[in-house]
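> Read off the chains here:
There are 2 protein chains.
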Amino acid sequence: MKVKIHVTLKKSVLDPQGEAVKKGLLTLGFAEIDQVRIGKYFEIDLKVMKGQNLREDISKMCEKLLANPVIEDYEIDIPQEGS
Amino acid sequence: MKVKIHVTLKKSVLDPQGEAVKKGLLTLGFAEIDQVRIGKYFEIDLKVMKGQNLREDISKMCEKLLANPVIEDYEIDIPQEGS
Chain V
1 MKVKIHVTLK
11 KSVLDPQGEA
21 VKKGLLTLGF
31 AEIDQVRIGK
41 YFEIDLKVMK
51 GQNLREDISK
61 MCEKLLANPV
71 IEDYEIDIPQ
81 EGS
Chain C
1 MKVKIHVTLK
11 KSVLDPQGEA
21 VKKGLLTLGF
31 AEIDQVRIGK
41 YFEIDLKVMK
51 GQNLREDISK
61 MCEKLLANPV
71 IEDYEIDIPQ
81 EGS
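Chains as they are written, first to last, in the working numbering: chain V, 1 to 83; chain C, 1 to 83.
Hints should not be assumed to be uniformly reliable.
Heads up, the list lumps identical chains together, so a pair's fine if it works in one copy or across two of them.
Within a straight-line C-alpha distance of at most 30 Å, the following computed DSSO-like cross-link-like pairs (lysine-lysine) qualify [claimed, not checked]:
no., residue 1, residue 2
1, Lys10, Lys50
2, Lys64, Lys47
3, Lys4, Lys64
4, Lys64, Lys50
Think of the hints as simulated: they come from the structure by calculation, not from any bench.
The structure displayed is predicted, hence computed values, not measured ones.
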């Protein structure tokens with residue numbers, strides 16, 4: 001199964017990378033840009049065991065490695081759950 | 001309007017970051033991981049001008065700055081288009 005995860009900075013956290021990209025786009029003539037926020041996108045292929053709580057396991061992966069819970073939020077997209 | 005863009009490495013391109021994260025997850029005991037692919041995720045807030053071809057403009061942004069067309073693919077998600 002392929003699980004998709006979005007890790008983004010919390011709204012309250014400044015995004016210097018996003019600001020830099022915004023300036024770059026404005027410089028290239030894309031004048032309509034208001035704001036750019038940049039995050040990480042993970043596609044994880046994994047085997048699902050019988051009775052496994054997949055969402056709980058994926059949350060643990062995010063909390064332990066994929067995201068920094070202090071400054072980042074994460075969103076888990078499990079296909080057949082339609083979340 | 002908020003447009004969402006996913007920039008990912010082409011399937012044929014090796015993903016050393018993804019491999020490193022995979023090893024990390026396996027070390028943490030998440031044995032069911034087969035593969036991890038990592039990409040960039042952009043949320044762009046912008047004003048839409050009357051008659052503007054938004055998808056074309058966003059593609060230009062990707063081609064010029066957000067993605068490296070040689071090794072990366074990009075996917076544009078424009079809300080009301082339901083793409």
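> With reference to the structure, classify each hint as holding or not holding.
Structure-based check of each hint:
no., hint, in the structure
1, Lys10 with Lys50, "neither (34 Å within a copy, 32 Å between copies)"
2, Lys64 with Lys47, "within (20 Å within a copy, 38 Å between copies)"
3, Lys4 with Lys64, "both (17 Å within a copy, 26 Å between copies)"
4, Lys64 with Lys50, "within (23 Å within a copy, 46 Å between copies)"
Checked against the numbered hints above, the structure violates only hint 1.
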